[in-house]
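Asks: Residues per chain, in single letters:
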Amino acid sequence: MSTTAFVGTGPRPTIVLVGHGMVGHRFLEALAERGLTATHRVVVLCEEPRPAYDRVQLTSYFSGTTPEELSMTDAEFIETHGIELHLGDPALTIHRDSRTVTARSGLTVSYDTLVLATGSYPFVPPVPGKDATGCFVYRTIEDLLAIEEYARRRATTGAVVGGGLLGLEAAGALKGLGLTTHIVEFAPRLMPVQVDEGGGAALLRTIEDMGLAVHTGTGTQEIVVGEDGAVTAMKLSDGSELPTDLVVFSAGVRPRDQLARDCGLAVGERGGITVDERCRTTSDPHVFAIGECALAADGRVYGLVAPGYEMAETAAATIAADEAAFTGADLSTKLKLLGVDVASFGDAHGTTADCLDVVYADSRSGTYKKLVIGRDGELLGGILVGDAEAYGTLRALTGSVPPVAPEQLVLPAGSGAPAQLGPSALPDEAVICSCHNVTKGTIRGAVTEHRCTTLPEVKKCTKAGTGCGSCVKVLGRLVDDELEASGVEVDKGLCGCFSQTREELYEIVLTLRISSYQQLLDRYGREGARGGDGCETCKPAVASIIASLAPTIGADGYVLDGEQAALQDTNDHFLANLQKNGSYSVVPRIPGGEITPEKLIVIGEIARDFGLYTKITGGQRIDMFGARVEQLPLIWARLVDAGFESGHAYGKALRTVKSCVGQTWCRYGVQDSVRMAIDLELRYRGLRSPHKLKSAVSGCARECAEAQSKDFGVIATANGWNLYVGGNGGATPRHADLLAQDLSDAELVRLIDRFLMFYIRTADRLERTSVWLERIPGGLDHVRDVVVHDSLGICAELESLMAAHVAGYRDEWAETVNDPEKLARFVSFVNAPDTPDPVVAFVPERDQIKPDLPLLTIGTRTLEGSAQR
Amino acid sequence: MTLTLETTALKVQLRLDEDSWFTVCDASLLVPGRGVAALLPDGRQVALFRDRAGCMYAIDNRDPFTGAAVLSRGLTGTHRSRPFVASPLLKQRFDLLSGQCLDDETVRVEAYEVRTA
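Line by line, the protein sequences are chains A and B. Residue 775 in my numbering sits at position 775 of the first sequence; the count goes up by one each step and never skips. Residue 930 in my numbering sits at position 61 of the second sequence; the count goes up by one each step and never skips.
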């Protein structure tokens with residue numbers, strides 16, 4: 001029994017939206033922007049159990065994005081605008097005469113305006129066996145979850161029918177699930193709609209190199225089904241049989257127009273609800289259709305999100321009685337499929353009369369670029385495979401004559417080509433963000449008129465870059481150019497001594513192999529700072545960079561050697577942690593928190609003999625407090641002798657890798673978390689970084705080691721390890737983001753190597769990974785592109801830098817206690833080496849010691865000296 | 870060789886009053902950019918510094934903000950062409966010539982005249 005609610009049109013006219021996908025949601029936003037949510041009642045009927053999410057990024061689920069992160073809807077937006085959103089309740093019938101819609105739950109709503117945004121459905125070719133167990137389509141989060149579940153349970157091989165855009169996405173997903181993956185495409189090349197033969201060939205090579213099997217020019221004739229009703233193989237049109245446990249149909253989509261057909265709205269011959277330029281259906285002025293379900297006025301059905309957004313805007317404007325029209329759209333696309341950039345724009349296939357091609361192809365790197373040039377030299381369109389860096393600029397230039405020769409636009413940098421054409425060359429009317437149709441002029445206005453001074457501000461102000469994100473790079477350069485032009489001085493310098501950022505100094509040190517702070521200051525410092533003594537900000541920052549790169553740039557890795565001694569931060573000065581009364585604390589390394597009884601006894605004996613206060617730290621180590629400078633070498637001589645080494649608790653360096661007891665003892669554990677924690681701690685010990693680094697390894701999803709609050713955290717799965725990055729506890733807690741999952745030991749270590757070195761390379765001073773991840777352009781996605789997909793081509797370098805660190809590691813304290821010259825510095829007084837600092841004194845508390853704090857001189861200067869003895 | 874001998878022979882001296890200079894240590898014990906602490910006959914402590922140009926400075930070693938004798942362990946630098954040290958505890962900066970705190974004008978530590986002889 002379903003309850004039937006009937007709600008009549010009240011004093012406010014009602015808009016009913018059927019479908020809450022990306023386009024539906026954009027329509028709601030457009031309504032809100034035009035103030036229509038205040039004057040109208042808005043009811044949304046949504047078939048899926050979750051509100052609008054980013055379908056374009058669906059595959060990113062397999063690289064760790066959660067369904068929640070894909071969501072485009074925040075509850076606040078829906079609530080603020082009083083939108084009635086009904087999830088999991090699709091519209092079933094439309095009664096145009098009474099102007100009502102009835103949903104599956106029985107809910108009936110009267111409308112004044114009805115907007116259909118039902119999207120499309122995947123086309124499944126009518127082959128025998130297409131409904132067998134193990135056959136899927138690839139459209140919704142639910143499809144994806146079902147594929148994942150089935151793959152984990154009973155599949156080792158998967159085949160995708162369709163080598164177009166969605167097919168490659170689906171293939172990427174299957175590969176991400178660890179399946180041996182086949183792609184079967186009827187056309188003679190991959191992505192036949194977007195790329196030409198040359199582009200298809202470049203794409204094919206790269207994708208085959210990734211270990212995917214591609215069968216082009218082949219149709220699917222039959223799905224072979226086993227006795228249990230599940231897929232076992234596919235019969236192909238060339239007569240061969242392809243054994244597979246799972247099939248994903250991704251052979252295109254069709255408009256979902258059944259609802260419209262049932263109520264007598266006109267639809268096109270090949271589907272799609274017929275609408276006019278205002279996105280109003282041609283049959284009923286009260287009904288609109290937008291997005292993939294609509295057959296636009298130019299006779300096309302658009303399967304891309306940008307035209308869908310434009311239709312959403314058009315419909316909202318029309319409802320608001322504003323002028324707007326959707327007359328057709330550009331089919332430009334830029335995608336990253338399986339880590340390969342593919343873009344096509346304008347007249348990509350060169351269908352214009354008398355047009356000419358300019359082609360650059362490099363089979364070795366899988367790069368293919370083609371520009372289509374018109375008779376008068378104007379850029380008509382193009383195809384980019386493997387390197388689509390120039391897409392944003394080229395697309396915006398389409399329709400105009402480029403300011404440089406076309407071949408210079410496709411040649412790779414450094415091969416005689418001039419520096420890449422900047423966005424400054426674009427006219428104001430050029431559309432930079434095609435998702436939200438934002439022009440260069442609007443973006444410039446955001447800086448000059450709305451006083452935006454950062455990229456995030458401009459994105460918020462103009463919406464540019466908030467759709468597919470492909471224009472963010474161009475946007476960033478445009479904003480910088482504009483800021484510079486309007487005279488806004490943005491000093492991003494490290495401090496008063498250097499105008500460079502930490503990242504820039506890192507590059508200078510690495511590239512020029514500079515191992516001396518003074519040399520760096522005198523050559524690259526601000527004019528007034530050259531020849532000086534620097535400051536307390538840049539000295540430790542540069543010391544850290546030099547220490548991080550020591551083995552590579554030929555600097556001595558020992559932080560207290562020569563000039564480096566003068567640069568180190570307070571705690572590095574004496575390789576111990578300075579406490580409030582001038583005494584130090586000592587933390588030996590206890591890798592993974594595992595320690596033998598003998599070593600525990602040694603720590604106990606040392607603490608007792610030197611009268612130190614002991615406390616267990618949060619990082620599963622033991623901290624001994626209250627040591628005077630001259631005691632440090634004596635304490636460490638005994639620690640080193642017992643096999644301990646520096647714990648670097650004093651450094652901006654790796655601190656600890658915490659662990660739970662793991663599979664060895666715990667009945668829930670699925671991997672040996674202690675062994676992994678020890679391995680990681682020993683690998684990265686001593687690594688100097690922009691700030692301290694903390695880590696943890698949990699042996700199962702119960703997460704007892706709290707890995708998700710660490711800079712890099714590892715959680716065991718049945719299949720390996722999940723790697724989380726950018727977590728933090730402290731004052732601004734942040735849950736770590738999943739970077740990659742189900743990694744083998746070797747894959748895990750390689751990814752962490754790259755991640756840490758990329759962080760060290762690009763972070764600001766004293767910037768923890770959590771803040772860094774939020775700050776860098778592109779955020780987690782960019783970091784994943786760089787360290788997982790090697791989008792910058794620097795992974796080999798990052799790995800070799802880490803390898804050099806690992807090979808060059810020496811224990812600072814072992815080196816110190818064995819060198820009389822270094823030991824000579826560990827005195828309280830240069831002129832009385834045997835006299836302890838009398839200010840350092842202690843009183844008892846709870847059977848241990850605590851500092852006896854001297855009286856302060858501030859305000860009561862007469863007390864000067866009275867705290868002595 | 871001679872040069873090394875000469876510099877090691879140089880002593881760092883502090884002026885304690887009108888006409889008495891207190892000899893602290895060999896000048897070679899001062900590392901440019903890094904301080905050392907010295908104990909005066911009356912129990913007071915001094916923080917001694919040497920900059921990269923070879924100039925020497927001395928101020929009281931006590932950090933007036935915490936009471937700990939730690940200024941000698943701070944990082945030094947140049948601010949508007951004047952040398953300073955930043956306390957290693959809470960990072961307040963002190964002018965090495967005058968002892969004036971650069972971050973709190975009401976606070977000053979004693980500064981001493983230094984010479985090598």
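Hints are not guaranteed to be accurate.
[As the list claims (entries may be wrong)] Below, a list of computed lysine to any residue pairs in the SDA-like style, where the Cα atoms sit at most 20 Å apart:
#: 1; chain 1: B; residue 1: 880; chain 2: A; residue 2: 831
#: 2; chain 1: A; residue 1: 580; chain 2: B; residue 2: 898
#: 3; chain 1: B; residue 1: 880; chain 2: A; residue 2: 460
#: 4; chain 1: B; residue 1: 880; chain 2: A; residue 2: 82
#: 5; chain 1: A; residue 1: 822; chain 2: B; residue 2: 900
#: 6; chain 1: B; residue 1: 960; chain 2: A; residue 2: 71
#: 7; chain 1: B; residue 1: 960; chain 2: A; residue 2: 495
#: 8; chain 1: A; residue 1: 460; chain 2: A; residue 2: 831
#: 9; chain 1: B; residue 1: 960; chain 2: A; residue 2: 304
#: 10; chain 1: A; residue 1: 580; chain 2: B; residue 2: 934
#: 11; chain 1: B; residue 1: 960; chain 2: A; residue 2: 565
#: 12; chain 1: A; residue 1: 463; chain 2: A; residue 2: 450
#: 13; chain 1: B; residue 1: 880; chain 2: B; residue 2: 959
#: 14; chain 1: A; residue 1: 850; chain 2: B; residue 2: 935
#: 15; chain 1: A; residue 1: 235; chain 2: A; residue 2: 186
#: 16; chain 1: B; residue 1: 960; chain 2: A; residue 2: 496
#: 17; chain 1: A; residue 1: 580; chain 2: B; residue 2: 959
#: 18; chain 1: A; residue 1: 692; chain 2: A; residue 2: 702
#: 19; chain 1: B; residue 1: 960; chain 2: A; residue 2: 640
#: 20; chain 1: A; residue 1: 463; chain 2: A; residue 2: 304
#: 21; chain 1: B; residue 1: 960; chain 2: A; residue 2: 766
#: 22; chain 1: A; residue 1: 822; chain 2: B; residue 2: 898
#: 23; chain 1: B; residue 1: 960; chain 2: A; residue 2: 765
#: 24; chain 1: B; residue 1: 960; chain 2: A; residue 2: 569
#: 25; chain 1: B; residue 1: 960; chain 2: A; residue 2: 72
#: 26; chain 1: B; residue 1: 880; chain 2: A; residue 2: 808
#: 27; chain 1: B; residue 1: 880; chain 2: A; residue 2: 824
#: 28; chain 1: A; residue 1: 235; chain 2: A; residue 2: 224
#: 29; chain 1: A; residue 1: 692; chain 2: B; residue 2: 959
[Claimed, not checked] Quick list of the computed label-pair ranges, beta carbon to beta carbon:
#: 30; chain 1: B; residue 1: 910; chain 2: A; residue 2: 848; range: 29 to 37 Å
#: 31; chain 1: B; residue 1: 973; chain 2: A; residue 2: 717; range: 50 to 58 Å
#: 32; chain 1: A; residue 1: 729; chain 2: B; residue 2: 985; range: 47 to 55 Å
#: 33; chain 1: B; residue 1: 959; chain 2: A; residue 2: 608; range: 29 to 37 Å
#: 34; chain 1: B; residue 1: 973; chain 2: A; residue 2: 441; range: 49 to 57 Å
#: 35; chain 1: B; residue 1: 984; chain 2: A; residue 2: 487; range: 24 to 32 Å
#: 36; chain 1: B; residue 1: 985; chain 2: A; residue 2: 834; range: 19 to 27 Å
#: 37; chain 1: A; residue 1: 451; chain 2: B; residue 2: 973; range: 29 to 37 Å
For the record, the hints were derived by calculation from the structure and aren't laboratory data. Cβ atoms here follow ideal geometry from the backbone N, Cα and C, with glycine treated the same way.
Asks: Now look at each hint and say whether the structure bears it out.
Replies: Hint check results:
no., hint, result
1, 880/B / 831/A, "11 Å, holds"
2, 580/A / 898/B, "27 Å, violated"
3, 880/B / 460/A, "64 Å, violated"
4, 880/B / 82/A, "82 Å, violated"
5, 822/A / 900/B, "12 Å, holds"
6, 960/B / 71/A, "45 Å, violated"
7, 960/B / 495/A, "15 Å, holds"
8, 460/A / 831/A, "62 Å, violated"
9, 960/B / 304/A, "56 Å, violated"
10, 580/A / 934/B, "10 Å, holds"
11, 960/B / 565/A, "18 Å, holds"
12, 463/A / 450/A, "14 Å, holds"
13, 880/B / 959/B, "32 Å, violated"
14, 850/A / 935/B, "16 Å, holds"
15, 235/A / 186/A, "13 Å, holds"
16, 960/B / 496/A, "16 Å, holds"
17, 580/A / 959/B, "9 Å, holds"
18, 692/A / 702/A, "26 Å, violated"
19, 960/B / 640/A, "32 Å, violated"
20, 463/A / 304/A, "18 Å, holds"
21, 960/B / 766/A, "15 Å, holds"
22, 822/A / 898/B, "12 Å, holds"
23, 960/B / 765/A, "16 Å, holds"
24, 960/B / 569/A, "11 Å, holds"
25, 960/B / 72/A, "45 Å, violated"
26, 880/B / 808/A, "39 Å, violated"
27, 880/B / 824/A, "18 Å, holds"
28, 235/A / 224/A, "7 Å, holds"
29, 692/A / 959/B, "19 Å, holds"
30, 910/B / 848/A: 29 to 37 Å, "35 Å, holds"
31, 973/B / 717/A: 50 to 58 Å, "54 Å, holds"
32, 729/A / 985/B: 47 to 55 Å, "50 Å, holds"
33, 959/B / 608/A: 29 to 37 Å, "32 Å, holds"
34, 973/B / 441/A: 49 to 57 Å, "50 Å, holds"
35, 984/B / 487/A: 24 to 32 Å, "50 Å, violated"
36, 985/B / 834/A: 19 to 27 Å, "25 Å, holds"
37, 451/A / 973/B: 29 to 37 Å, "35 Å, holds"
Of the numbered hints stated above, those contradicted by the structure are hints 2, 3, 4, 6, 8, 9, 13, 18, 19, 25, 26 and 35, listed in ascending order.
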